[in-house]
Amino acid sequence: MITVHHFLTLSAILFSIGTFGVLTRRNAIVIFMCIELMLNAVNLTFIALSHHLGNIDGQVFVFFIMAVAAAEAAVGLALMIAFFRNRESIDVDELNLFKW
Amino acid sequence: MEVLLFYFIATVMVIAGFMVVKARNPINSALSLVTTFIGLAVLYVMLEAPFVAAIQILVYAGAIMILIIFTIMLLNLGSELKKRYTHGLAWGGLGALLVLLVTTYFVDHGVVEGAKGDMTLATIQEIGHTELIGTAIFTKFLLPFEITSILLLVAIIGAVVIAKREV
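Protein sequence lines, in the order shown, are assigned to chains H and W.
Each position in the first sequence, counted from 1, maps to that position plus 423 in the working numbering.
Each position in the second sequence, counted from 1, maps to that position plus 738 in the working numbering.
The shape of chain H in the complex, shown without the other chains:
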């Protein structure tokens, strides 16, 4: 029998994989995709708990999270294009303008 516990554990594993990617990769687009992975792990938590409690609110939250993720994708990728135009690379190690 699948319980809500299974889904939450899977979500935790996916979230930490995403964290690992964000912390270790240097390609900005891959970091971005890992952030999407983390957002989706949270979405899975919302849906699992919404199903468990019989409450529709969690699914509405997922709807809003998807809207925010879409907005984030548009702005984030535009930022990457602007950055690539200046530096000819999207390696986050080269984002050191504010470093001293």
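A couple of the hints might just be wrong.
Within a straight-line C-alpha distance of at most 16 Å, the following computed EDC-like cross-link-like pairs (lysine to aspartate or glutamate) qualify [to be verified]: (1) W:K878 <-> W:D856; (2) W:K854 <-> H:D480; (3) W:K878 <-> H:D480.
Quick list of simulated restraints, FRET-style, between CB atoms [what the hints assert, rightly or not]: (4) H:R508 <-> W:A792: 33 to 41 Å; (5) H:M424 <-> W:I885: 33 to 41 Å; (6) W:I895 <-> H:L520: 47 to 55 Å; (7) W:D856 <-> H:L518: 48 to 56 Å; (8) H:E511 <-> W:I804: 18 to 26 Å.
Just so you know, the hints here were simulated from the structure itself, not pulled from any lab data.
Values in this document were obtained by computation on a predicted structure and should not be read as measured data.
Every residue gets a Cβ at the ideal spot worked out from N, C-alpha and C, and that includes glycine.
Fit chain W to the supplied structure of chain H, relying on the hints for placement.
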């Protein structure tokens, strides 16, 4: 049968999620990410949320991934250079392990309780899942919904202004 399906999907998702992190070529990462999204959609169907599953495929596996793949191809990124990066890998792995431990601790020791709603399988089949979500969005969550529209407008304008060569 359901248990078997769950473990199969979960295994595929974890492997694909790991491939997102591991792949050298960003296109391979993107394809693995699509695999993860489709696995999530299957899990949403198992959790009796067909509307969210459809949105997951349309918005995530469709729109957002197309945007990411366009950007990868537009920037013409090759594979990453094989620089040694063991320090960062060790610290990143440690941080991710810490996150995993904390989250699994909370999942294991937390008690799932809260306001029980009236959404059961019977109401979903009688009224329809999309109608339930629509009613909630346009009554209880009307203000957040309107704010979301402003957010999307700002994102559109922001993306155009940032990516433009000369403003």
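Range hint 48 to 56 Å: satisfied by the CB atoms of W:D856 and H:L518? Given about 49 Å between the Cβ atoms, the range holds.
Between W:K854 and H:D480, does the CA-CA distance stay at or below 16 Å? Distance of about 11 Å is within 16 Å: holds.
Holds or violated: 18 to 26 Å for the Cβ distance of H:E511 and W:I804? Holds - the Cβ-Cβ distance for H:E511 and W:I804, about 25 Å, lies within 18 to 26 Å.
47 to 55 Å as the expected CB spacing between H:L520 and W:I895, which holds or is violated: 24 Å, violated
Note whether the CB distance of H:M424 and W:I885 lies within 33 to 41 Å or breaks it. 40 Å, holds
Just to be careful, I want the Cα atoms of W:K878 and W:D856 compared with a cutoff of 16 Å; is the pair within it? Roughly 15 Å between the alpha carbons, so the hint for W:K878 and W:D856 holds.
When you take the CB atoms of H:R508 and W:A792, is the distance between them in 33 to 41 Å? At roughly 37 Å between Cβ atoms, W:A792 and H:R508 fall inside 33 to 41 Å, so the hint holds.
Decide if the proposed pair is consistent with the structure: W:K878 and H:D480, CA atoms, cutoff 16 Å inclusive. Satisfied, since the Cα-Cα distance of roughly 9 Å is no more than 16 Å.
Consistency with the previously given hints fails for number 6 only.
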